[in-house]
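Q: So you can see what is in the structure, the chains are spelled out below.
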Amino acid sequence: MTYVANIPEEDMLRARFYGLLARVLAAPMSAETLTFVRGLQGDDTEMGRALATFASLAQRATKTGAEEEYSELFFGMGAGGELGPYASRYLTGFVYEKPLADLRETMAEFGIAAADGLREPEDHIAFLCEVMHGLITGRFGKPVGLDGQRSFFKKHIQPWGTRFFEDVERAKAAVLYMPVGTIGKLLIAIEAEAFEMAA
Amino acid sequence: MKDRKETTPLRRREFLRVAGLASGALGAAAVAGAPDAAKAAAAPDGRKTSGYRETDHVKTYYRLAR
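Residue numbers (this note's numbering), protein chains in the order written: chain A, 1162 to 1360; chain B, 4 to 69.
Just so you know, not all the hints are guaranteed correct.
[To be verified] Beta-carbon label-pair distances, calculated as ranges:
#1 A:THR1223 with B:THR11: 44 to 50 Å
#2 B:GLU17 with A:SER1312: 45 to 51 Å
#3 B:VAL21 with A:GLU1266: 34 to 40 Å
#4 A:THR1225 with B:THR11: 32 to 38 Å
#5 B:THR11 with A:LYS1259: 31 to 37 Å
#6 B:ARG14 with A:TYR1257: 26 to 32 Å
#7 A:VAL1336 with B:PRO12: 25 to 31 Å
#8 B:LEU13 with A:ASP1204: 18 to 24 Å
#9 A:GLY1254 with B:PRO12: 36 to 42 Å
#10 B:LEU13 with A:LYS1259: 35 to 41 Å
[What the hints assert, rightly or not] Chain B is nowhere near these chain A residues, computed Cβ spacing over 12 Å in every case:
#11 PHE1215
#12 GLY1242
#13 THR1253
#14 PRO1320
Calculated from the structure, these hints are not laboratory results.
Ideal Cβ placement from N, Cα and C applies to all residues, glycine included.
With the hints as extra help, turn the sequences into a complete structure.
A: Next up, the structure:
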């Protein structure tokens, strides 16, 4: 626990937002995840309201409904999902393109690998959020520090993340996931500005 | 410039708080539930990187944080 305790509170908060996004975007929500989301609370800031909206929508959602919405939104790769949550897809129009190759290069530099059995290309938004979470908390070794986090964020998330999350916000199929778009969009804006301050 | 160096981390922290990251009861469970799609890579010679050994601690942390 000690090295986790060394991470400043603000950075743990950032990590938790990335963790939340990774959790709800990686796969259809499990019963456990749905229960967790139902318990989220938020204050009267824009981010707080998005969290509270997500919670109240989740309270009314069923697990099956949540799964169906996830499929309609994100099961791309030819399966007809409304959005393709991959960096390559957003930046080039195709999957398995240069952004994925660039990401693999960065991951090799940081000493991070995809877990065995990962079937999606790694430039999936949930994977990128999980990597940010790990870079902050030191899950892959020592925390990489702000410079490493900034470089990963600027190179692999910032160029397309805002557009992706805005698309989630206004996607036809998005009801439960609408506030996820808002949360992601706000997190990216906050991160971008905070990284500039530390530069 | 020395001043700037000392104050920017504080400004950043303060900004992160007021910008809304402290806006919700986002418990440690958000961390606990993060999927396991990424992991520390093994070094090319097959030896695990130093990072890899820490995953047990991390698992413990996740368990305790629930």
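Q: Please go over all the hints and tell whether each is borne out by the structure.
A: Checked hints:
With their beta carbons about 47 Å apart, THR1223 of chain A and THR11 of chain B fall inside the hinted range of 44 to 50 Å. With their beta carbons about 23 Å apart, GLU17 of chain B and SER1312 of chain A fall outside the hinted range of 45 to 51 Å. For VAL21 of chain B and GLU1266 of chain A, the hinted distance range of 34 to 40 Å is satisfied, since their beta carbons lie about 36 Å from each other. Taking 32 to 38 Å as the suggested C-beta distance range, the pair THR1225 of chain A and THR11 of chain B does not conform, at roughly 48 Å.
Hint check: THR11 of chain B to LYS1259 of chain A, Cβ distance near 34 Å, so the stated range 31 to 37 Å holds. Separation of ARG14 of chain B from TYR1257 of chain A is about 41 Å and departs from the stated range, judged on CB atoms against 26 to 32 Å. Between VAL1336 of chain A and PRO12 of chain B the Cβ separation comes to about 40 Å, which falls outside the hinted range of 25 to 31 Å. About 22 Å separates the C-beta atoms of LEU13 of chain B and ASP1204 of chain A, a value consistent with the hinted range of 18 to 24 Å.
Between GLY1254 of chain A and PRO12 of chain B the CB atoms are about 40 Å apart, so this pair conforms to the stated range of 36 to 42 Å. For the pair LEU13 of chain B and LYS1259 of chain A, the supplied restraint of 35 to 41 Å holds, since their beta-carbon distance comes to about 39 Å. Not every C-beta of chain B lies more than 12 Å from that of PHE1215 of chain A, the closest at about 9 Å, which undercuts listing it as non-interface. Chain B leaves GLY1242 of chain A outside its interface by the beta-carbon criterion, the shortest separation being 18 Å against a cut-off of 12 Å.
Non-interface call for THR1253 of chain A relative to chain B: holds, since the shortest CB-CB distance, roughly 22 Å, exceeds 12 Å. The Cβ of PRO1320 of chain A lies farther than 12 Å from every Cβ of chain B, with a closest approach of about 20 Å, so its non-interface assignment holds.
The structure shown violates the earlier hints numbered 2, 4, 6, 7, 11.
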